[in-house]
Amino acid sequence: MISEPVVVISSKQNLTLSIKELWRYRELFYFFTWRDIKVKYKQTVLGLLWAILQPLLMMIIFTWFFGRTLKIPSENLPYPIFVFSGLLVWNVFASGLVNASNSMINNSAIIKKIYFPRLIIPVSSVLVSLFDFAMAFVLFIPLLMYYQQALSWTALWAWPLALFVSIMATLGMGCWLAALNVKYRDFRYVIPFLVQVLFFLSPVIYPVFLLPYPLLQYIQVSSPMYAAIELFRFPLTHVAPDPIFLTISLASGIFLLLVGTFYFRKTEDFFADFA
Amino acid sequence: MKPILEISNLSKKYTIGHQVHGYLSLRERIQSVFRFESREKEDFWAIRDISFDVYPGDAIGIVGRNGAGKSTLLKILSKITPPTAGNIISRGRIASLLEVGTGFHPELSGRENIFFNGSLLGMRQKEIENKFDEILDFSGVEKFLDTPLKHYSSGMQLRLAFSVAAFLEPEILIIDEVLAVGDSVFQQKCIQKMTEVSESGRTILFVSHNFSSLRSLCKRGIKLDRGRKTFDGSLEDTIDAYQSLGRVSGETIDLLKTTRGKLAQELIFRKFRFLNWPIHFGEPIKMGLMLRSSRPDGNFRDLDFGLSIIDKNNTCLIHISNRFLHQEFNHMDDDDEYIIETENILRPGRYSLTLFLRVADVVQDHLTEVISFEIPDFNPYGHRDTAAIFGAIFPKFTIKRS
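Note that the protein sequences, when read in sequence, are chains A and B. Its first residue numbered 3, the first sequence is counted upward by one per residue in this note's numbering. Its first residue numbered 4, the second sequence is counted upward by one per residue in this note's numbering.
Treat the hints as calculated values from the structure; they're not laboratory data. A couple of the hints might just be wrong.
[Said to hold, decoys possible] Listed below are the simulated DSSO-like cross-link pairs for lysine-lysine, each with C-alpha atoms no more than 27 Å apart in a straight line: (1) LYS403(B) <-> LYS114(A); (2) LYS82(B) <-> LYS129(B); (3) LYS129(B) <-> LYS42(A); (4) LYS44(A) <-> LYS268(A); (5) LYS146(B) <-> LYS196(B); (6) LYS40(A) <-> LYS114(A); (7) LYS22(A) <-> LYS5(B); (8) LYS114(A) <-> LYS16(B); (9) LYS315(B) <-> LYS260(B); (10) LYS114(A) <-> LYS82(B); (11) LYS196(B) <-> LYS22(A); (12) LYS40(A) <-> LYS146(B); (13) LYS274(B) <-> LYS222(B); (14) LYS129(B) <-> LYS40(A); (15) LYS42(A) <-> LYS146(B); (16) LYS153(B) <-> LYS42(A); (17) LYS22(A) <-> LYS82(B).
For reference, chain A alone in the conformation it holds in the complex (with noise of 0.2 Å):
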């Protein structure tokens, strides 16, 4: 007659990331990401033609400004192909972070109300950017046609890589803020500026090596978007990134991932208290 194992509610915390019971809500994961992709694009006239046409805008604007006019380099590929895949990948990052980080405040009213595991809302967050993310690619292929691009073989292990470290970035950084933000409201507004300020120090609009100072590469190369980034464009430019360069963005994505997810199991329990 019992079906379920039994289960103790108490005041101690389990901290154990709990993938059986992850899996058992599967199905939230889905909804989540639909409920967010169909809300996204209700009452638009142009509807999901949205996800191609906001990069490819800002594509457009960045070239005539920083290709055009200012005559930036671009790692001897065209600047809107180096500008857009640059943008492709950041664009993951900086919806899904901004997404992911308010996450647990626009859906408050459910979190007070109904128990799944927490982690399930930002990760939706994260779904849904990685969906804009897809009806964007659709555009950068023929692109690539456009200014007969040659793509070497390597992207088939190298752009799912790249996604992948942005995803674990976006994630690790995104949980966090969002459990920070329950607690502490000011994040609402450090989010913003912090995601314009690793902007403008991720290799998107301009390449890595355009700053003069050691230092400041350092700092650059810190961000886990540079490992992501660079790894997209590795088929494009065939320019392999610096290893310690690499090395360094990498660690940082881990790193975020880690300390990201633990703060937020630590804290997932009182949100309800909080929210």
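With chain A's structure known, arrange chain B on it following the hints.
Frame of chain A, contents of chain B only:
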């Protein structure tokens, strides 16, 4: 049989006082690090040392005043917030319904909301698909299935929300006061649906202020008072215990010490008495009211006073006021007694009285359900089992063949 839920010494503490906005700002946090004197904090025990066992198939009604800790208890049971001390051992799938329509999104259509809400409540997608037609049928909003929820009336939203929840099939169902809303026909439908759930052997924990829905669903009751469990027994006894909370019964009742809200209070009720105590079925009820003025002249014109007799289901059965009779009273002497007499064909049982007093449209005193009285078991029909007669009043009736 092993209990499906074992709740032992459960407590939940909230710290209040230092949190002004409900959440902390980082500045406050940093300040508090550098400040050496400790801040004034106040511990508040929302629930304290609650223990009870729940057996499979139990339907328990939880009653208590606002702030008694009912919702906190349900939140801990639903794993939404952890207890400060104590633990719960659960041996079944718990689904909780602390609110109808959690996660409903105004931009999504009815269909989309059914899926999202159902999934949140713990249903599998397959399960929702299988029950979709039943859910829709129960809600009665088929016509608007693909309309965004924001265009629904609040009643329609509620029906849709409850319909999804009604098809949950957990082993333990936790429900918080969700039936307090909605029109009575739909409420009835919901209660019926939940009774079916309960009869199919599932365990239910139900919080409500509505005694008639508690009665139709639950057999056992638990009463909470300021965070503690103060009663655990049959539902009827629990409701009795709850209703006598803060109420006095007797022939003569001194009303000066009764706590009152912030009203005008220049003229208040001083004494209440039953002139024909004890009260029996069918005999008119005679009551005497005495007032006390705190103004030197002690002269009040145009009184409007009276009382309501309220039954176990919080329904006002008799409403008495001098206003209805177009009688004018001016209060001059505190020794005057106002005698109220009413016919009485109320069914045997426990009733409470609410007294109210206005002077020239200004509320002077309002005592909500402070007095209770009982009409002992009797029925005018000669039937052996009074409980089998459901009427709120027992008027004489005859049945003849023409």
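Satisfaction of hint between LYS146(B) and LYS42(A), Cα-Cα up to 27 Å: 25 Å, holds
Agreement of LYS153(B) and LYS42(A) with the hint, judged by alpha carbon distance not exceeding 27 Å: 15 Å, holds
Pairwise hint evaluation, LYS40(A) against LYS129(B), where the allowed Cα distance is 27 Å at most: Answer holds: LYS129(B) to LYS40(A) is near 20 Å, not above 27 Å.
Distance restraint between LYS114(A) and LYS16(B), which requires alpha-carbon spacing of 27 Å or less: 17 Å, holds
Given hint LYS22(A) paired with LYS196(B) - CA-CA distance at most 27 Å: Not OK: LYS196(B) and LYS22(A) at ~33 Å, beyond 27 Å, violated.
Restraint status (C-alpha distance of LYS40(A) to LYS114(A) at most 27 Å): The given pair, whose Cα atoms are some 23 Å apart, holds under the 27 Å limit.
Restraint status (C-alpha distance of LYS146(B) to LYS196(B) at most 27 Å): 23 Å, holds
Restraint check for LYS403(B) with LYS114(A), where alpha carbons must lie at most 27 Å apart: 60 Å, violated
Satisfaction of hint between LYS82(B) and LYS22(A), Cα-Cα up to 27 Å: 17 Å, holds
Pair hint outcome, LYS82(B) versus LYS129(B) [Cα-Cα no greater than 27 Å]: 25 Å, holds
Holds or violated: LYS22(A) to LYS5(B), with C-alpha atoms at most 27 Å apart: 26 Å, holds
Distance restraint between LYS274(B) and LYS222(B), which requires alpha-carbon spacing of 27 Å or less: With a Cα-Cα distance of about 38 Å, the restraint between LYS274(B) and LYS222(B) is violated, given a limit of 27 Å.
Checked against the numbered hints above, the structure violates hints 1, 4, 11 and 13; every other hint is satisfied.
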